[in-house]
Amino acid sequence: MAKALQWIKMGRKLLLEKAHVEGIRYYDVYRREGGYRSVEKALKTMTQEEIVEEVKKSGLRGRGGAGFPAGMKWSFIAKPEGVPRHLVCNADESEPGTFKDRYLMEFIPHLLIEGLIVASYALGSNATYIYIRGEYAWIPDILEQTIAEAKANGFLGKNILGTGFDCEIYVQRGAGAYICGEETALIESLEGKRGNPRIKPPFPAIKGAWGRPTVVNNVETLAAVVPIINEGGEEYAKIGVGKSTGTKLISACGNINKPGVYEIDMTISVEEFIYSDEYCGGIPNGKRLKACIPGGSSVPILPANLLLKTAKGETRYMNYESLSDGGFATGSMMGSGGFIVLDEDQCVVRNTYSLARFYRHESCGQCSPCREGTGWMEKVLLRLEKGEGKLSDIDLLWDIQSKIEGNTICPLGDAASWPVAAAIRHFRDEFEWHVTHAAEAQTRNYGLAHYADPIHVPA
Amino acid sequence: MSDTPLFKVTIDNITIEVPAGTTILHAARKIGGDVAPPAMCYYSKLEGSGGKCRTCLVEVSKGSEKDPRPMPKLVASCRTTVMDGMEVKNITSPKVVDARASIVEFLLLNHPLDCPICDQAGECHLQDLSYEHGKDGTRYEFQRRTFKKHDIGKYIQLHMTRCILCYRCVYTADQISDKRSHGILDRGDHSEIATFIEKSLDNDFIGNVIDVCPVGALTDKTFRFKNRVWFLKPMDAHRDCPTCSGKVTLWNRGDEVYRVTARKDEWGEVEEWICNDCRFEKKKTSNWVIEGPRLIDRHSVIAQGHYAGKIGLTKPTETFSAVHHGRQPKLLMDIHSVSEVNQTNIDLSSINGPAHSNNFNVNKY
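Residue numbers (the working numbering), protein chains in the order written: chain L, 1 to 459; chain V, 460 to 824.
Derived from the structure by calculation, the hints contain no laboratory data. Glycine included, C-beta positions come from ideal geometry on N, C-alpha and C. Fair warning: there could be bad hints in the mix.
[Unchecked claim] No farther apart than 25 angstroms at their CA atoms in a straight line, the calculated lysine-lysine pairs in the BS3-like style are these:
(1) L:Lys207 / V:Lys504
(2) V:Lys532 / L:Lys207
(3) V:Lys532 / L:Lys200
(4) V:Lys692 / V:Lys723
[Unchecked claim] Covered stretches of chain V, going by a simulated chain L footprint (3 or more residues, C-beta under 8 angstroms):
(5) 502-513
(6) 532-544
(7) 595-601
(8) 644-656
With the rest of the complex left out, here is chain V (with noise of 0.2 angstroms):
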């Protein structure tokens, strides 16, 4: 190991040693579990992120060993590096629960909450924030922002009015793809992303802004309506692929390959990024080498409904025949006989946009 000083940090009354220069948000996500803050804006991966959502916000009651006075206001954790002896409060402290529903409040003032239409719906950390830290209501009672529509592209959807400018798809377009031709535009409450003047996003790993998105505002447009992540089942899947590692998510119903993503830690973060290749244009099984089902968090909506429990447990056995004297459930009525949308010779994940009644009228005409 190196020679780093390795110093003691007390967060929620758990202590642990960690290397000098750590935030105290890697320090707490080291312990895990509630006391890891939230983070809407960091990302580990890419550098200069952070500090901006204040989400993470926690309350420094000793500042060190050497300078035990507090911190006077509460810092970004996410931008705050640990000191030796240093105590950190995070759920422990009303006066950080309390400023992060503010936060929250604050975050959701201009979003839509068209979360039942949104594709980002099931895997958004805004939805999850809101959940465990969020007030039950709004008190903001006007109208919400909107903006003009900016169209960036044939792989990208932008949704301007979810987006909470958290920065992340601009530091990714400037460390992970080759040229950024987005960024934010204006300043305050009206500010957005966009591209000046409307270009499409298509440089090589441009797609994985939409993996460190954190809401809905930037989605796949060949996913766009195809399906709702819950009712995918992801699978580690890899390719031989010349322009990244190739390791990827494949999102399946049935045999279908509704989408691809890139692999996702414990943290919502990206594990490697993929290329523009194989996240918009392999969408055959036959493309891939799976691996196996993707661990999923039990807490998460996605794994409902696919695993009971965790990973590999064995589905239930089916009891009907058994309880029924060996008889058969019997099939009164085949939806298809009488309903001409969803026929099973129509792959959903090959329409080319979003599924649409004329997609279903062919017989007609």
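Just chain L, same shape as in the assembly (with noise of 0.2 angstroms):
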């Protein structure tokens, strides 16, 4: 007990733990430093069904963006006698302010192929994939090579430690599209189809690669997989608060002193993560926050006075639960942990435009509300950023998105309603201002306005 008190107060990392020591890249540091424990613990000492309630007992939540808890997605793979199961690692991070995957496979890669014999074992998959952003061109080298190491030290190939386990893990590039981070999209790019998301259900845990009942995972989640199996289900989930549990890779990005990815444990306010030296060290140039993306470009942008408080007055929090508090009328979202800043001089307007842009580029095309919808957002958002706007493009904006969330078949539809909704949520003032200063908008930005002042609390 006293020694889990210590890992709580102490070591609040876990994945990136080992990090900073020199050559961990390569397997004899790696091994030397406690690596492949859980491997050997898993395989020699306990059945898939175990290791199965090991993570579901963890609380682990999907880390790709939508905290799905992993545990009982992987008790939902259905099982059909003969039929070749596989698990499938969903290194497509695409969000744009998202970078976390990279630093673990650029860093620690071994990390991942750990995690992933263990859950390949848990799933009775014997070819595991590992899908990656084609943007990411240099990773596939170090992966598989880190593959062919483990390969060559008996913890990949057939009949993993003697035990009987075979599995062989594959790197596939994918060809630079963010919506193959949807996972039936990434299982039909995997396929060699265009990556068109499927129509749910079925469900991949039924019918995914090549109608095989499948797992996708975020890396990170896999990863995680690793400290669970090791220290147990139970010590991970003491870990953090309520839902949260565990520790969760930020990468912070933005107007910030340190940019970069940081290990938390879900306990930190978000004040202090955007203030202190250890994680962001504050905001360069002396000026002030206006607003964040907490959890990707995704996820509802909150203003500055919401995101450090909730709307109940009380403390803002870094995990789930405290992020989404207020739900989206005055809360935001974990979603894939990529926290991007923005000070008092950047306009909001054109933040929405780019993301706007960005979703546009990005749909697939394949369902109406999305394909034409994300465009039209796009051409109404630069009409306003670049002061051509109309007050009624700003009721247009919310009409869009609202007929486009919910209508689509994957979730990137969703995902391009939410960042333009909050935006006119919280910031229709400075939507406004855009069109009655429209000549003044082309040569200043809004600025901080009341975007930092207390909220009225009623009592």
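Put the two chains together into one complex; each comes in its own frame, and the hints tell you how they fit.
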């Protein structure tokens, strides 16, 4: 118990603990630092069900953005007789502002491979795939070298550690499409087809890659399996609060002094995360905080006042529940952990436009609301940004996003709608100013205005 | 019958029993009328089609007898199977009506609305959809998208600007013809139907993409600009074809066969696929055994002007001479005495390509 407590207090890092050890990228150092213990433990002493149970107990939530409990997802996988099952690692990290998986894969790739082997064993996958985005052109080489090292040391291939379990890991590069991060589109692309999301049901756990039961998990989720097996699910669940268990990688960027990837244990406040020297180190040049997109480009943007405190006046913490406190009206989402900070010099209209442009470009074009709606929103936002808009455009934007959201095959429609909706919800004055002061809006930004003022909390 | 259990499903307060595995759309089509949601991309004869256009969205207000929770979002009725005790709202749900109107708006956003010069006009599903579920105007104030033109061969005309990306033609080429040489290039609002690189579509049976296309994106080049469909008389006909069933609809004007299509059912779906030979090469009445007039929905513009009310109704008798004490109508002017176009000795249907003034200049040279 004493050890566990100490672990909580001191060892808040589970994934990046060894990230700075020289040579950790290579097998020898990784193994010396205690690597592949979880494979030995899992394959030699645990059954498949026990591993799934352990992950369930850990409360680990999918780190890709949706936050679905990973253990639950694993338990859904169908096990028909004589049909192979697959584990697919989603390394198509394309959400603007998110670069945590890249860090893991570049610097401690063995951690991912270790997690993949354990997860493959738990799910009975003899052929496991890492689907990596095309833009990460140099990482497949790192991963393949890592896989070769693991194989040379008997952790991959036939009859791993003499347990009779066979597993191969293949790296598949995408061609550079955001949509292929959606699990069914990823599977289509993996099969060599056009990356269009499939219509669900059937879910991949029933019919995934090549019609076989498939589990798709994010890189960070799979890496987190390693500490869960090493320390036990219950110990892992003690870190964090409530349903936000364990640690989370946050990739912080934007107007902060120290952009980078940080591992947090979900108990620190947003304010501490932005201003403490251990993390983002505050905002450069003495500027003030205006807004923040706390979980990757598709989650709702929040003004400074709602970011640091919830609508109830409580401190907002960096975890799933606290960030989403207040729903979409006054809250946001943990998302994929892409923490984007905007200072007082940033223009929310321009920011929203550039996000809308991204989603227009990345829509697969399969279903009509997303294909047509994203382009429309982009055009209206550009008009507003250029000072050529009308006041009615703001209501029009609101209407378009509400008609896309929930009416599409995959969540890209929602992801395109939410940033626009949140920007209008919280920054309507700034949009209106772009219309009423069209000429001035071309020469200066709206500035901080009242976006950091304390929110009145009704008693 | 098979031993599939029957599920009770209620759509717009009408209860019907359908075999398990039936989609909501098919159950609704069994009820018929306004209850059946419109479908722009779904095609019952093409496996894997549907789910894309989102016009068939419905609200499931009760999931099933076992799990009565409503579904959180509107669902695509063409790809959602019924559960026992499911309750569905289509036109009785304001949410659905609203969503459908916005889908129509989205579909029309970049659609050129060139119906006056479009060969599909009159049998276009997007026209029907817009009349029934669309709003009066558009709120779109930007340039509509355009594409580089692709020539896809001598049979089929591609108008990419009209395309709504239903993917039906892709499935057709995959499932009906022996080889698919066209597909969707690019993504998002700039994705387009094309061949890579510039090929002509001439596989056997590829002509069926014209019939499955819900809009005027793929039209028959041999019929291009020849006539409006509502001026033509659809006739069921057949011939002894070595490659297909040979059961077609001929579109006649007078004795001329303007075009040949497959026979379409009440949902606008092809009954039996026909081959390119029947569709493009057999344009003489003598090639065919005529069975009789094709049944056309009386609400369709195609029925306009040909059949008063239902098919088979007797033509009203000519009353002119009776009320004018036996006098025959007087021909004041024969148009051909002053105009040189549309001369009676030139068959429009046999002109190669669209009719052009050059076609009528023959006398001068």
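Inset, instruction - Run the structure past the numbered hints and jot down the numbers of the failing ones, going up. - result: none
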